[in-house]
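If you read the protein sequences in the order shown, they are chains A, B and C.
Numbering of the first sequence is given in this note's numbering, commencing with residue 2 and proceeding in unit increments.
Numbering of the second sequence is given in this note's numbering, commencing with residue 3 and proceeding in unit increments.
Numbering of the third sequence is given in this note's numbering, commencing with residue 1370 and proceeding in unit increments.
These aren't lab readings, by the way, just hints derived from the structure by calculation.
One should not assume that every hint holds.
[To be verified] Pairs of lysine-lysine residues, derived as BS3-like cross-links and limited to a Cα-Cα distance of at most 25 Å, are as follows: (1) K56/A x K67/B; (2) K200/A x K1707/C; (3) K6/B x K91/A; (4) K1422/C x K1450/C; (5) K351/A x K127/B; (6) K1422/C x K188/A; (7) K148/B x K56/A; (8) K194/A x K1422/C; (9) K145/B x K304/A; (10) K67/B x K127/B; (11) K354/A x K1524/C.
For reference, the chains in residue letters:
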Amino acid sequence: MKARAEALPTQEMLINMGPQHPSTHGVLRVILRTDGEVVVNARPDVGYLHRALEKIGERVTYAQFMPFTDRLDYLASMNCNAAWAWTVEKLAGIEVPERAEYIRVIVCELNRISSHLIAFGSFTADMGAFTPFLYAIRERERINDLFEDICGNRLTYNYVRIGGVSADLPDRFLEKTKEFLDYFEPKIPEYNKLISYNKIFVHRLANVAAISGGEAVAYGLTGPNLRGSGVSFDLRRSEPYSVYPKLDFDVCVGTGERGTVGDCFDRYMVRINEMRESVKILRQAIAQIPGGPVMAKVPRAFKPPVGEVYFRAENPRGETGIYLISDGTVNPYRLKLRAPSFVTMNIFEKVTKGLMIADIVAVIGSFDIILPEIDR
Amino acid sequence: MEPKAIFEAVKGKFGEAVVELQEEGFRPAFVVVSPESVREISLFLRDDPAMKFDSLMCLSGVDYKDRFAVAYHLHSLEIGHRIGVKAYLPREAPSLPSVDGVWPAANFQEREAFDLYGIVFPGSKDLRRILLPEDWVGYPLRKDYKYPEFYHGIKV
Amino acid sequence: MMESLAVSLVNAVPALSGVPLWTMTLLVMVVVAAVVLTFALLYAGLATYVERKVAGDIQARIGPNRVGPLGLLQFLADGIKLLLKEDIIPAKADRFLFALAPYLVFIGSFAAFVVVPFGVGLIASDLNIGVYYVMAISSLVVVGVMLAGWSSNNKWALLGGMRAAAQIVSYEVPVGMALLPAVLIAGSLSLQDIVRSQGGLLGIFGWNLFHNPFTFVSFFLYYTAALAETNRTPFDIPEAESELVSGYHVEYSGIRFAFFFLAEYGDMFVVSALATACFLGGWHVPFLDAEALPVAWGNLFSLGVFLAKALGLVLLMMWIRWTLPRLRVDQLMRMSWKYLVPITFFNLLGVSLWLLVFHGKGIPRMIASLFG
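With the sequences and hints as input, model every part of the structure.
Here you go:
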């Protein structure tokens, strides 16, 4: 046997997965070193979409940076908008009217649902089942319609303002949102029936790339990826901001229900369950929302005091942190965007050792990365 | 633990290596340390039972015009407190020990600081340019960065 | 058979008596081949349309509806588009093998149509080794796919080609094993004989599907394994769009790509036709014996029945494709060698013993003999 192996030398293969590849969710490049189908090493190479957002941030005013945050995580623009607004408000100590905070939470949670829908849809498409993707798109379309009512845009909203939101909710918006929630809530068990507990699907994901809780924390995983590893940590609960303390919801964690805690299936399931929690939050927020103004008084030439602030918000992909340094002028002195997907990619090389090529796709999908946020 | 208490504890342990506490206008407050001792202090902050900073939220390079800085934002999931650690570096050949052995999360962010500020992290597992092309000249986030006219003959 | 057809043609049309017999035979062969190929291409074209409509229906959208009534002519538009597309051959590809591969795949898929028993007398060539012929000729597909993967000089294509080779070769075993019960029962490898052996008993209980428990299981084993042999979801790992971009045909464009595409649909029909002929009684239906009808009507009727059954199975394949996710390559191999192969072996043994013990009688026939 040994002699035969020597007679037939094998060779590792170097393959470029991306930057153009259907399931790298954008222009991610993974340099694969494989032994046949088995991955020896998968090294991510990021930066193909670098737009120097941090440098741009130093040259525009605080308010002007808002549209750029849309392009940070374009599947969750509302969340990024709001994160920027909260950071600047924290720095400058601006009191935001309560109605505006409620509106922000409503749009953020709607956007979380729509982002998780894409995560769910594209993940199942990566696994070879294309149908759930279109189901997810169908539901997301209704959320886009709602956002179009609010601000006229369907992808990059630029709706939140420093000190509030750009406009009050349109007529019948809350009723329409409620109708959507009534329509959407029964869809989640439908997804589970359709694909989540499908035997092939479970076999593809269970025990693949399991990350222990300690490892996830050390590698800086956040959001659903961290919770998928069984760590019950959600910024909306642990470091409450905005009106989240007034809202009741559960933090979904991975339980290892089909394999090991922290495997791809757990990360997937956390997202499915979080959509349900977002529906819960939305129902409460709609019931509680008070009347009143939606914009605080913020001067046109807005100059925050000198200082440094780090604010982090729980976005669909994890903790979006913004480290903002002000020197008292109209432009930020330094702003660092700590993008959850960027930090998540750090663990990629470690967890993909020894997997199959098909699993690489599963890992990328289960991390739910988004490239504009990685590359900024 | 309050920033003040953390500062006292670290100061008590490391003495001269801990320079000051930046509290007014800083959220979270920063413990300013000397760059050489960053690794030891990080290990202490991670492992001390009263600290337990198991999570590095964010690592950023900063250009303060007269000097550079690296800012670490730490958080403890177990205890739930936060602190910032900052190390000031000279403009000439900025360099400080890598902490990716303490928090693996640091690696990509250190690479980013290296890429955009030219801050070197000796002891890093893998320190290469990350966002920019490997042959990019200069460090764009430095305040004195000159925009290049051409890149490989292409007008920028 | 072609020769006898030619003879009868000459007898029927005296004007042709001056033409040598071999010319007539050749002519008949060409005409028959043209008819079969036309059917195959028309079917493949329409199947792509149906596939897209089925996909649309399952995915809560409409599907093609612009070209012609209900979008029925979409496949023509697609065909013309593919014909007019630039034919790209990568600079570093092996030009000869690259050009050859699509034809091998196409031939392997469509040559099998020759022995499909469409009706009582509608079979292009009733070979006495029909089943064996299909198995052999469809193996040509592996060669073509491997060549395509290799000659493209693309690592994704190579991976796809290797996967395809491993998969098709592995699944040939269970496919063959699962078909053998039908051969054993009929005592012949000719597909027409196999269909004939399933007549009688109200036209449905004669089917091999109901012959005994082992053949019943055998049908599902065959269908599963055949699904894998045609590279359809959930076994489409050689193409695996989301992993290997699109596997072995990633570098192909235009009409060469169309050949791969058509071959896939051809394969689907062939395996469905085989399942129909071997397990679902071919053109037999309840209450109406096609062989007792006048020749023309009998042929037409049996053709309709056969196509309905076979296309039903094709439709089922489409349904499965748009419902299930994809297996991983090791899981696929494990399924073949650890589950399908042993089960089909056991099944074959069971059928043989059954035939030995009960003298070739199936359960329905035994029940029928109870009631006289």
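Right, here's what the structure says about each hint:
1. K56/A x K67/B: holds (15 Å)
2. K200/A x K1707/C: holds (17 Å)
3. K6/B x K91/A: holds (21 Å)
4. K1422/C x K1450/C: holds (19 Å)
5. K351/A x K127/B: holds (13 Å)
6. K1422/C x K188/A: Roughly 24 Å separates the two Cα atoms, so the pair holds.
7. K148/B x K56/A: The given pair, whose Cα atoms are some 13 Å apart, holds under the 25 Å limit.
8. K194/A x K1422/C: With a Cα-Cα distance of about 23 Å, the restraint between K194/A and K1422/C holds, given a limit of 25 Å.
9. K145/B x K304/A: holds (20 Å)
10. K67/B x K127/B: violated (29 Å)
11. K354/A x K1524/C: Holds, at roughly 20 Å.
Of the numbered hints listed earlier, the single one contradicted by the structure is hint 10.
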